[in-house]
Amino acid sequence: MTVQGMEDGAELLSLVDISVHYDAVVALDSVSLGVRKGEMVAVMGPNGAGKSTVLKAVMGLAPVVEGEVFWRQMPLEAATHEIVKQGISFVPQGRRVFTHLTVEENLEMGCLYLKDRAEKVRRLDSVMELFPILHEKRGDLASQMSGGQQQMLALGRGLMAAPEVLLLDEPTLGLAPIIVSEVFQKVAEISDRLSTTILVVEHNIKGVLDIVDKAYVLDKGRVVHSGTPQSIRETDILTQVFLGS
Amino acid sequence: MRIILKPIVNSLNFIRTPRDLWRAWRGNIQLWANLFVIGWAVVFMLWQGAGFAVTVGTVFAIWAMLAVSLNLVVGFTGLLSVGHIGFFGIGAYSMAVLSSNPEYEQLRTEALTTFAWPFFAALPVCVLLSGVVALAVGVVFNRFRDDIYVLVSFGFAIIAFNVFLNARSLTRGAFGIHEIARPQIGGWTLNGELQFLLFVLAILAVVMLIAWIIVTSSFGRVLTAIREDEDAIEVFGYQATQYKLAIWVISAMIAGLAGGLFASWTSFIDPFSFILLESILLVSIVILGGLATIWGSLLGAMAFVLLEEGMRFLPFLPAEYIGQARQVVLGILLVLLMLFRPQGLVGKYKL
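Protein sequences, first through last, are from chains C and Y.
By my numbering, the letter at position 104 of the first sequence is numbered 104, and the numbering carries on one by one without gaps.
By my numbering, the letter at position 135 of the second sequence is numbered 135, and the numbering carries on one by one without gaps.
With the rest of the complex left out, here is chain C (with noise of 0.2 Å):
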């Protein structure tokens, strides 16, 4: 599947260059970095390496000083709340569900801006197909669901908008072992069934590299490596940047 006026193979976003500054502090140091249609692309590192931040830069929720973030080519310069209307949703880190809404209520607010009814209903119950439990409990609140569900909701959330890119911030983060599992298992699923591009940032490295296509390791505001999981791997590129060498 090729999208409209892109060749195979081409980046569908990409961050160029791009440097983070808040304040004195250099959040991210000329980083580049890019995601093909239908991969999934991991970006990790330690505490404070910047990965959250390169979300961020992509969604004009960071004080990006140079570089540029192009999407299909082209430099995205659109406001933060056009971004998801241009396909691409942003799943924001610690799941920031409404707790004082339903799960339906929360799922569309994903999609709100839509006007067409059909389409939200039909996006409603492809959603609601992928996550079980959230059909399971579509009339109860947010806040009574446990943290795995809400991640769950998060990422459904993300899906309502249909985006051709899911950008995922530690989808993982304060969650039990048994469902973190679970939630890269749905990640994967994710991007199988819907073929949703992914740039997840995460950190727990072990799950995540059996899922991703590629990965980057950012090491304070700059890419120290990149390449296969299988590459990563073989290396000690993680030791050193988590360790120290």
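These aren't lab readings, by the way, just hints derived from the structure by calculation.
Treat the numbers as computed from the prediction; the structure is a model and nothing was measured.
A hint or two may mislead.
Claimed, not checked - Here are some, though not all, of the chain Y residues that point toward chain C, as calculated from beta-carbon distances under 8 Å:
no., residue
1, Gly176
2, Ala232
3, Gln239
To be verified - Computed from the model, here is a short list of chain C residues facing chain Y with C-beta under 7 Å:
no., residue
4, Leu76
5, Thr80
6, Lys85
7, Gln86
8, Phe90
9, Pro92
10, Phe98
11, His100
12, Met109
13, Tyr113
14, Lys115
15, Glu119
Claimed, not checked - Have a look at the derived ranges for each label pair, beta carbon to beta carbon:
no., chain 1, residue 1, chain 2, residue 2, range
16, Y, Asn162, C, Ala79, 33 to 43 Å
17, Y, Pro18, C, Asp116, 52 to 62 Å
18, C, Gly147, Y, Gln324, 44 to 54 Å
19, C, Arg138, Y, Asn162, 44 to 54 Å
20, C, Asp125, Y, Leu201, 41 to 51 Å
21, Y, Thr216, C, Glu129, 19 to 29 Å
22, Y, Phe144, C, Arg138, 30 to 40 Å
23, C, Gly94, Y, Phe268, 51 to 61 Å
24, Y, Leu151, C, Tyr22, 21 to 31 Å
For each residue, glycine too, the CB sits at the ideal point set by N, CA and C.
With chain C held as given, fit chain Y onto it using these hints.
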């Protein structure tokens, strides 16, 4: 009513004895809060007679309208504004200036511009002017959040009061404005207190309906989302600032409407009805009743008015201390509420 009837309906199949009924009701604080306030109102009316109940009812209806409008902003959207009384004042002064009797005003010391408009011509202006001021103020307020938001709304209440007090050619300052028109339908003027009460109650019902439509719509859902996580909703494709501005203006327009009704009802206003303290009392009513519940605002206003009026009849309290005493009692009540029931009488959220 739903709060009272639901536990009964839910438990019909196992209620056989009064003891079962007690068990079903025992833990339901919302139900007791409703029964207590409504029961109190009924006792009060029976005790004081119809005439007094009509006056208290009108005060209640106006406070309730204000509380519902403020709850849209404070409860549903999570913007703690303590400047709401300013819009109430704008509405009241619009009504006063536009509809007061010029012949009467000629007799007084300072000349005042009056227009002698009928009530129903002036009322839309009360609403629109409040809305326009809210729009201008709201654009600036949108830049702030949380604590700073409280502070700037505080500033707005003070500025509004000072304008009412000092723009003397328009408001006659501390002298106030007299002879404000009562509503006229055809050749029939609503001079009677009961007629006015029914009129205000009808408008309150419309306001509640509008509020209900807002909070149950998708617009209302975005407001709830703003309260919970303003940053997150930008990501989902909404501009929080636009929604905040919209609900702020709608809320101010309702407050302006309440102001117009208030001015017409008392037929005399001066700036001291619109001091910051009244704004704080209004926020207290909203918290007392419960955040993000329309019914709660009604209940809060009713409890507040009953408390205020009821204290007049305390035998040991000299009349001149009633004003201060009601503030002390309300203060203590709020502290107790924050300690033991921070979500208010029938609310779902804590401040």
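Now for the hints, and whether the structure bears them out:
{"no.": "1", "hint": "Gly176", "in the structure": "violated, 44 Å"}
{"no.": "2", "hint": "Ala232", "in the structure": "holds, 5 Å"}
{"no.": "3", "hint": "Gln239", "in the structure": "holds, 5 Å"}
{"no.": "4", "hint": "Leu76", "in the structure": "violated, 14 Å"}
{"no.": "5", "hint": "Thr80", "in the structure": "holds, 5 Å"}
{"no.": "6", "hint": "Lys85", "in the structure": "holds, 6 Å"}
{"no.": "7", "hint": "Gln86", "in the structure": "violated, 10 Å"}
{"no.": "8", "hint": "Phe90", "in the structure": "holds, 5 Å"}
{"no.": "9", "hint": "Pro92", "in the structure": "holds, 6 Å"}
{"no.": "10", "hint": "Phe98", "in the structure": "holds, 5 Å"}
{"no.": "11", "hint": "His100", "in the structure": "holds, 6 Å"}
{"no.": "12", "hint": "Met109", "in the structure": "holds, 6 Å"}
{"no.": "13", "hint": "Tyr113", "in the structure": "holds, 5 Å"}
{"no.": "14", "hint": "Lys115", "in the structure": "violated, 11 Å"}
{"no.": "15", "hint": "Glu119", "in the structure": "violated, 15 Å"}
{"no.": "16", "hint": "Y/Asn162 <-> C/Ala79: 33 to 43 Å", "in the structure": "holds, 38 Å"}
{"no.": "17", "hint": "Y/Pro18 <-> C/Asp116: 52 to 62 Å", "in the structure": "holds, 55 Å"}
{"no.": "18", "hint": "C/Gly147 <-> Y/Gln324: 44 to 54 Å", "in the structure": "holds, 50 Å"}
{"no.": "19", "hint": "C/Arg138 <-> Y/Asn162: 44 to 54 Å", "in the structure": "holds, 53 Å"}
{"no.": "20", "hint": "C/Asp125 <-> Y/Leu201: 41 to 51 Å", "in the structure": "holds, 45 Å"}
{"no.": "21", "hint": "Y/Thr216 <-> C/Glu129: 19 to 29 Å", "in the structure": "holds, 28 Å"}
{"no.": "22", "hint": "Y/Phe144 <-> C/Arg138: 30 to 40 Å", "in the structure": "holds, 37 Å"}
{"no.": "23", "hint": "C/Gly94 <-> Y/Phe268: 51 to 61 Å", "in the structure": "holds, 55 Å"}
{"no.": "24", "hint": "Y/Leu151 <-> C/Tyr22: 21 to 31 Å", "in the structure": "holds, 26 Å"}
The structure does not agree with the numbered hints 1, 4, 7, 14, 15 stated previously, though it agrees with the rest.
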